[in-house]
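Note that the protein sequences, when read in sequence, are chains A and B. Positions in the first sequence are counted from 1; adding 1 to them yields the numbering used here. Positions in the second sequence are counted from 1; adding 4 to them yields the numbering used here.
Warning: the hint list may mix true and false statements.
Chain B regions said to be covered by chain A (calculated; three or more residues, Cβ under 8 Å) [to be verified]: (1) 46-57; (2) 83-92; (3) 101-109; (4) 221-233.
For lysine to aspartate or glutamate, the following DMTMM-like pairs were computed, each having C-alpha atoms within a straight-line distance of at most 25 Å [unchecked claim]: (5) A:Lys-47 with B:Asp-150; (6) A:Lys-454 with B:Asp-81; (7) A:Lys-454 with B:Asp-105; (8) A:Lys-454 with B:Asp-82; (9) A:Lys-47 with B:Asp-154.
Pair by pair, the computed Cβ-Cβ distance ranges are [what the hints assert, rightly or not]: (10) B:Arg-14 with A:Gly-432: 51 to 61 Å; (11) B:Thr-17 with A:Gly-432: 25 to 35 Å; (12) B:Arg-196 with A:Leu-526: 50 to 60 Å; (13) A:Gly-432 with B:Arg-196: 50 to 60 Å.
These are computed hints drawn from the structure, not numbers from a lab. Note that the Cβ used here is the ideal one computed from N, Cα and C, for glycine as well.
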Amino acid sequence: MTATLDRTTRDGSRAAGAKPGGPGARFRGRWRVALRYGARDARRNKGRTALIAIMVTLPVALGSFAATVLWSTQETPERMAARELGPDLVASVTFTNLPGLQQAPDLSMSSQSGEALPGPVTQDDVAATLAATLPAGSRATMGLTAPVVAYGTDLLTYAPALQVDLTVPAVAAAFPLADGALPGPGEVALTRSIANDLHLSIGDPVSARLNAGSGVGTGTGDGQTELGSATLSGILAADQPAGTSVLYPGTGPLVAPADLTTTDSGRDIQPRWFISGESPVTWDDVVALNESSLLVTSRAVLLDPPPDSAVPLFATTPSSSSSSSSSSSSDFLMTWGVFGAVIVVALLEAVLLIGPAFAVSARRSSRALAIIAANGGTARSLRAIVLGTAVVIGTFASLAGAALAVGAAAILMAVDGTLRFLSPPWPILGGIALVGLLIAAAGAWLPARGASKADVVAVLAGRRGEVTARRWPAVVGTVLAVGGFAAAIVGGLTTQPMLIMGGVVAGEIGLVLACGGIVAGLGRLAGALPLSWRFALRDAARNRSRTSPAIAAVLVATAGATAGLVYSTAQSQHDYFSQALIAAPGVVMLSSGSEPLTDDGVDAVTAIVHDVVPRIGDLLPVTVARPPAEQDGVSTYIHLQQPEGTSWGASGNAIWGPIVDDGGLVDPLGIPDPDAARAALAAGRVVTLAGLTSEDGTATFDVETRKTDGDDSQLLKTTTVSVPGAGVGNPRGPSNTSLPLVPASLVDDLGMHTELGGLVSADAVHLTTAEQQTLQARLDDQFGQDEWGLSKVSVSVGADLVDYGAPDWLATLLIAGAGGILALAAAWIAAALAATESRPDLATLTAVGATPSTRKRIVAAQAGTIVAVGALVGVLSGYPLGAAFVLFERHRWQAPDLAWALTFPWPWLLALLVGLPLLAVTAAWLATRSRLVLTRRVAE
Amino acid sequence: MSSPVMLTMRGVTRVHGHGAAQVHALGGTDLRGVDLDVAMGELVAVMGPSGSGKSTLLHLAGGLDSPTSGTVRVGRDDVGALDAKGRARLRRKHVGYVFQDLNLVPALTAMENVTLPLELDGVSARRARAAATAALAEVDMDDLADRFPDDMSGGQAQRVAIARALVGPRRLLLADEPTGALDSVTGEAVMRVLRARVDAGAAGLLVTHDARHAAWADRIVFLRDGLVIDETGTATDADTLLDGAVTA
C-alpha cells in the first residue's frame, strides 16, 4: 500500500504505459465501452430488452419473410430450367403454328411474321425436324397437353393436363411428387391444390373431360370429350412443367390431333416434346427449330444465354421491351405509394414505442452516465453508451427476425408445398436487418441526446438533469402537419397518389415533432384540474422526453386506425351501393343470351330444370323489348340516359333487358320498393332506379342508329324518346340489373318489339353449387356454347344483398384493435416510467397527508393523459388522412364515382376517443399498488 | 510546500442562477473568492457545514462546473479556458473523482470500471487492462477485478473507485465524502488507502464533515457560506470551526 506512483512524472504529466490514441482510437474506445455497456445493460433489464426486441423483430421478420417468399417465387433462368426440365431433360419443344417464329432465349418474348402456317403439319413432320436438327443421341418423347375439367364426386375444377410416357427416366424425373406415386395405366396424379379443391385423396377416382370447344382427339373418336375415370396415384409437387395440374401416363386418354395447324393452343390438345440426351440443345439449334415454328426451352440456352447480337428477335425488338407493365401508372403509384407510406408510418410507430423504453433506461442510468462523464466521458461518449444498448439489442433482434423469417419460409416450403425453391435474398435480408438496427437506434436517439446534455452536477447531487425542451420542433412540426394534411387532401381531390403519400408521411412526422409543444401547452392549462390530473399534466409537461414519444406513439396509432376506419367504412358503403342484383335472393334466372328462346327451347329448359331441381316450382317467362332488327347493315340501339357517374346495365348471366313487365316479375326480380314499382307499371310508367328519371318523372331513352361494316361502327343519328317514368330504390345504389322495367303498353312507343329473353323461378330456391354446375352442364349439353365459349342458355341465382358494413366488420375490428393495442402499449410504457420517476414526489405527497389511493389515481391520470391527448389529436389528424384516400377513390376516374363518399364511423371513433382513455385509466388503476415504497431522491 | 502544485484556485467565485434564483442560491452552494493550492503528495481536507460550498469547490476543481470568476488550474491547464471537450479530456487524463456512494457503473466489472477513462481516451484495451490491473493491485482489489459492483461491499467499491481515480496518468484525486456511506471501520480502511495513494505521489482534495477522517489530511480548509474561513487549521480545530466559533 506504500508503493509510489512511479509511473508518473511529478508534475502530473502523462504516465508511461497507457498511451492515449488519436480520434480513431478514441472512437474505437468509446464504442468498445458502449457496446460492452449495452450488452450488460440489455442483460440486466430483461423486460425492457424483450419489449424493444419484439418491436424490432416483428417488422424485420415480416419484411424478411415477404422478401424471402417473393424472391423464392421470382422466375430465374435456373428455376425455369429446373421447373420445366427437371434435373435431366435438355430441352422441351412445342409447336406454335406461327410462321417466321423468333424467340428470346428465356422465352420472355417472341415474334411471328404471319397469322398461321398453311398446313397440314403432322406430329411425324415435327419428329422428323427434331431428329434432323437436334444433336445426335437426343431422344424426343412426345407428350400431349390439354385444358380439362376434372371431376370429383360432386365438384369440378378447370386444370391444365399433360399426358406423357413416364417410363422414360429423364421425363419422370421432371415431375416431382409431394406424395404417392407417378401414375401408371388407369391412373392419374394431381397437384395438391387440385386434389384439395375436389376433396380427393390418393386412391379416389378422378373423372375428366376436355374443356375444349372442338373436342378433337379424344379416345372415343366420336367427338365426345369425356376422358373417363382414373385412380388418383399421387400428389404432384407445386410448379410442374407446362403448369401441369393433372398428369396422365403415356397410356392416358388424350390422342394427338392429326393436323397440328388446325388446333388452338389455348383450347385443344397440343403435343409437347421432352428432349433427353447427353448433348445440350444450343442456341443455333433453337434458331433452326424456330424456323419450323417450334418454340424451345433449352437448359443450355437458359443457363448460358447467347449475346443479344446473336438473337435475331432482338434485331427488331430491343430486349428491354420485354418487360412491360399492364398496370396504369396511377394504380402502380397508388399501390406502391400506400405500401411505402404504411411502411414508413409503421416504422415510425415502432420507433415511437421503443423511444420511451430507452428514455426509461437512460433515466435509470443517469447516475452511471454522470459517473462516466465525471471520468472524462464527453457528450459523444454518453450518446454512444445509450446508443450502444440500442445497437446490441437491435443487432440481435434483427438477426433473430431474419432467421425467424427464413425458418418460417422453410417450414412453408416443407409443409405447404407452395414454395418449390427456397432462396433467401441475403443482401436484401441484410438491408432489412439494418433497417431493424436503425429502428432501435432511432428510438434511442432522443434519449441518448438528452442523456448527453444532462446536467452532470445536478445528477451527481441527486437531482434530475432534465434538459429544457426547445420550442422549434413544435413550430416546425405544426407547420409540417398542417402542410402535410393539406397536401394529402389536395392529392385526393386531384388524384395524385404521391402527393397523398408524401402528405401522410409529412403530416405524421409533423405531429410527432409537435407533441412536445402540445404537452407543454396542456401543462399550462392544468391549474384548474383536480390534484391527480393536475399532477399528471404538469409531470407530462416537465418530462417531455418521455411523455412526447409515448403520446406520439398513441397519436400515430390512433391516426392510422382512424384513417383506416374512415377508408374501410367508406369502402364498405361503396361496396354496398355498388351491388347490382339480378333477381331476388335465391331466385333462379335462366338467360337465353343474345338469341331469343323458342317455344321448343322453353320446353327443353323447363324439362332439364325440373329434372335437376325438382323443387323449383313454376318458371315464369321473361319478355324483353328489342329494337328493330338490323337491315342493310343499319342497327338501332336504345338505352336509358344516365347521369355521369352512375353505372347501370345488365352484367354476367342476367337477362339482357329492358324487361317488359306489368308487375308480375317485380318480386322475383327483387325490384326495390315493389309496391311503388307495381303501381307505376300499372299506370304505364317505366320503372327505373331513382335518379335516372328527370324531376317531373320522365325517363328518356337515347335511340342510336348505327351502320356496321365489319368491325367498324358509324353513328348515323341519335334521337331521344321520353316516356313517363318512376324511380325506385336509392339513387346511389344498390342497383338492379333487371331495371328498367317497361310496361307492355310503352313498347310500341319506344319503337321496339318483344321476344322471350329467358325464364325466372317464381320462388327462391337457393341452389347448391353442385346443382347449379350440373344444371349448367346439362343446358350446355342441350344448347351448346357460342363462338366465344359462352353458354347459350346460362343459369344464375339471385344473390343476397350484403348488409352495410357487414363485409368489413372483421377488418374494421382488426384496424381499431391494432390501433388500440398499440396505443395502450405506449401508454403502459410511459405510465410505468412516469410512476417510477414520480416516486419521490409521491413520497412527498404522502408525507403531507395524501391518502394511499393517491398514487393509484395519479398513475391512472398519467396513463389517461397520454392516451387522451394522443387519441384526440390522432383522431383529428387521422380523419383528413382517411378522407384523402376516399376522395382519391371518388375522383380516380374521369367521372366521379358517387358510391365513394365520406363517412363518419362514429361508434369506432368514439371508442378511440373515449373508450381507449377509459381503458387506459382503468388498467392503470387496477395494475397500480396503493402502497407507496418510500424512496430517496437519487436518480439511480 | 516543496512539491509541485497540482491544483491552484485563485479568487474563485461561483454564483448559480440569475435574479431571484441567484438570491435563493446565496448561502447555499456558491463560492466567493476562494484561493486554494493542493500539491503533489498532499492531502487537503475541506470541511464546512451543509451548503457551505464544499461540493461546488470539488466540481470546479474537476472541471464539472465552471467558475463565474477567478482561475482554476490543474497542472498547467486553465480549467476555465477549456471548452466542454477540453474539460472532459482533463478529467480523463488528470483528475479522478470518488463520490460518497454509487461510484461505479453497475453494468461494468471492477476492471472495466477502472479501464473506463483510459478506454474513453483511446488507449488500447490491452494497455488499459494492464494499467487497471496495476491500479487495482495498489488498492488490494486485483483479486476482485471481475466482480460487478452489486457483488462488492461498500468499502470494496470505494477502493475500486480510488483505483479508477488514479489509474494511468491521473494524479489529482477529488473525494466527496468518500466514507459517508460506510461504517466507521470500513471508512477508516478506505481513508488509509486514500492516504497511501497520496503518499505515493498523488494530490488529494477531500471533502468531509467528519473530523476523524479530516485528521488523515495534511491540511484542513474550512468553508462557510462560500468563503474560506480558515486554511491553517488541523483536525483538532475542526469541531470548534464547525460549531461556528470562528467567523470570517
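Here is how each hint holds up against the structure:
{"no.": "1", "hint": "46-57", "result": "violated (count 0)"}
{"no.": "2", "hint": "83-92", "result": "holds (count 3)"}
{"no.": "3", "hint": "101-109", "result": "holds (count 6)"}
{"no.": "4", "hint": "221-233", "result": "violated (count 0)"}
{"no.": "5", "hint": "A:Lys-47 with B:Asp-150", "result": "22 Å, holds"}
{"no.": "6", "hint": "A:Lys-454 with B:Asp-81", "result": "24 Å, holds"}
{"no.": "7", "hint": "A:Lys-454 with B:Asp-105", "result": "23 Å, holds"}
{"no.": "8", "hint": "A:Lys-454 with B:Asp-82", "result": "23 Å, holds"}
{"no.": "9", "hint": "A:Lys-47 with B:Asp-154", "result": "17 Å, holds"}
{"no.": "10", "hint": "B:Arg-14 with A:Gly-432: 51 to 61 Å", "result": "59 Å, holds"}
{"no.": "11", "hint": "B:Thr-17 with A:Gly-432: 25 to 35 Å", "result": "57 Å, violated"}
{"no.": "12", "hint": "B:Arg-196 with A:Leu-526: 50 to 60 Å", "result": "59 Å, holds"}
{"no.": "13", "hint": "A:Gly-432 with B:Arg-196: 50 to 60 Å", "result": "59 Å, holds"}
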